[in-house]
Amino acid sequence: MIDARRLRYFLAVAGARSFTRAAEALHMAQPPLSKRIQELEADIGTPLFDREARPLALTPAGRLLFEQGMQIDQRMEQMALTMRQFVAAERRRLVLGLIPSAFHAQLPDMIRRYRLLAPDVEVTLSEMTTLEQIAALKDRRIDAALGRVRIDDDSLAREVLRDEPMLLALPIDHPQALEEGPADLRLLEEVPLIVYPKDQSPSYADLILSQCRDHGLHLPKTVEVREMQTALILVAAGMGACIVPESARLMERPEIRFRPIRQPMSAPIILYHREGDNSYELRMMYRTCAQLYAEWGRSVPDVVRARMGDPDAA
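Here our numbering = 1-based position in the sequence shown + 272.
Think of the hints as simulated: they come from the structure by calculation, not from any bench. The structure displayed is predicted, hence computed values, not measured ones. Check each hint, because a few of them may be wrong.
[To be verified] Beta-carbon label-pair distances, calculated as ranges:
#	residue 1	residue 2	range
1	Gly453	Leu397	36 to 42 Å
2	Glu452	Met511	21 to 27 Å
3	Met523	Met351	50 to 56 Å
Backbone N, C-alpha and C define an ideal beta-carbon position, used for all residues, glycine too.
Using the sequences and the accompanying hints, generate a full structural model.
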């Protein structure tokens, strides 16, 4: 029986027509290489190389083994490639849809913890709007989505992970920017309110404007932009105020003051996934949330406890 490693060494020497060059290509010393070839010749029972020829030449038996060996080597390479592709296809994967700029402080911790709890799962993040998330879930292009806006759809499960308090972002030169305590939203009746995102409905902007109306506010002027970063740049430039989630403190800068709000205002953090999905990947996402919430001193929602299930179940 021909040893696969010795066959590989033989093909290297036959291809290079030199023991020296083959040894260099194989990153090994020449004497061990020569010994392996001699062992192969002893197994077969005939010389494979004419060592007197310059350059090194194959014997008839060597030419036959080279032709057959090359075919075997190619089949082995193809088999290895096929197995790598199979393993890659079988690897667990979680594709998570995210609203651009919607989460800042907690998201890195969440992804890092998820990878620790489920190291066998490949995590992929995909930025998309809420409506794009819903379509992608239905088309199975993503497995779960984190958003801010409540969407009703019978084919999807919608779990509120947390209602996040809101803050009022004011330019530092605003008369009430440096006051202590919660800010009264009625100051927005005198200052333009900057909302985001633009050109989407329903959107985070709809959520904010709806809550403002619930508090009886009359907003004489609103400015629409696409991203939170743009909104905060306008606030820093003194062009208005903005209502942002508490996690936006990570984006604080000297020109902006974040103040808590006197009137109750919050924005949900919602996890969407397909109804009936009880996959290991999704259960580990709920388990990740449960662990982090406990560490952050927040109560773990009952739905999270119920959904995270047994981590050892396949």
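Holds or violated: the 21 to 27 Å window for the beta-carbon distance between glutamate 452 and methionine 511? holds, 25 Å
Does 36 to 42 Å hold as the CB distance between glycine 453 and leucine 397, or does it fail? Check passed, 38 Å falls within 36 to 42 Å.
Methionine 523 and methionine 351, beta-carbon distance inside 50 to 56 Å? Since methionine 523 and methionine 351 have Cβ atoms about 52 Å apart, the given range 50 to 56 Å holds.
Hint compliance for this structure: no hint is broken.
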